[in-house]
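Asks: Just need the whole structure built from these sequences, with the hints factored in.
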Amino acid sequence: MATDPLSATFAALADPTRRAILARLLEGSATVKELSAPFAMSGPAVSKHLRVLERAGLIKRGREAQWRPCELDAAPLEDVVEWAQRYRQFWDASYQRLDKVLDHLKESDHDR
Amino acid sequence: MTASTTTLSTLSDEEISISREFDAPRHLVFDAHTKPELVSQWLLGPEHWTMPVCEIDLRPGGSWHYVWRYQDGTEMEMRGDFREVEVPTRIVHTERWGDEWPETLHTVLFAEQDGTTTVTRIVRFPSAQARDAALATGMMSGVERSFDLLDDLLAAVA
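As they're listed, the protein sequences go chains A and B. Taking the numbering used here, the leading residue of the first sequence gets 1, the next gets one more, and so forth. Taking the numbering used here, the leading residue of the second sequence gets 1, the next gets one more, and so forth.
Among the clues, some could well be false.
To be verified - Listed below are the simulated BS3-like cross-link pairs for lysine-lysine, each with C-alpha atoms no more than 27 Å apart in a straight line:
no.	chain 1	residue 1	chain 2	residue 2
1	A	K60	A	K48
2	A	K60	A	K33
3	A	K48	B	K35
4	A	K33	B	K35
5	A	K48	A	K33
Claimed, not checked - Every beta carbon over 10 Å from chain A, so not counted as near; a handful from chain B, in silico:
no.	residue
6	D23
7	G45
8	E47
9	I56
10	G61
What the hints contain is simulated information worked out from the structure, not anything from laboratory work. Glycine is no exception: its CB is placed at the ideal position from the N, C-alpha and C atoms.
Replies: Rendered as structure tokens:
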């Protein structure tokens, strides 16, 4: 099982229903009942997804037993985006240097 | 000429691709990706890194080994093996960072049209182990989705 925080976030984001739940929570906090409505899914099935999201630290839940409204916690999501951005930036920065290397290679290629 | 854009996109649950155009013929772009004296000049990521070790044994079954060093002395290394080598069009190799990330399989394609070469790197995350498959699936769709989510979040906060 994934134990590091980033892996837990990735695993939580793997499911389309959970991503849809997060998208809904962008609009504001919601109860399990409200979150179940757009999906052909029972309350307990949605609760299961919420537990995964809660463990990944992606949502926070209120303490009142009945309502327990859910709200989004964006911090772990930002870590994932940061990772993806770093990966793209690594290649982007490298490729800009490669442009210059290729310019030199083209010159010596023509000289031959 | 302005620099081309590096595009990162999701191909499937387990694959992403990173693609970029270069204003140079394919044989030169291929050389720049496979000759250590050239690779070590550009495959450096952000500023202030150098590549003191760059070993490439370009043949099926051959291996490669890169070590990067930051200005404060911090080192990072990466290794892998070549599975397929078709000069100058295609390379398939594995990549290992260490224990934190699963081994990935990279297919690097070099396509030339009208003197411009497009390099497409397809990164495949493993499906061999259940955990890694789950991780990879989450990583791929999560990355794409979380870009949208973050845009929304930032708009909401701003």
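Asks: Determine for every hint whether it applies to the structure shown.
Replies: Going through the hints against the structure:
no. : hint          : in the structure
1   : A:K60 - A:K48 : holds (14 Å)
2   : A:K60 - A:K33 : holds (16 Å)
3   : A:K48 - B:K35 : violated (52 Å)
4   : A:K33 - B:K35 : violated (60 Å)
5   : A:K48 - A:K33 : holds (13 Å)
6   : D23           : violated (7 Å)
7   : G45           : violated (4 Å)
8   : E47           : violated (8 Å)
9   : I56           : holds (15 Å)
10  : G61           : holds (26 Å)
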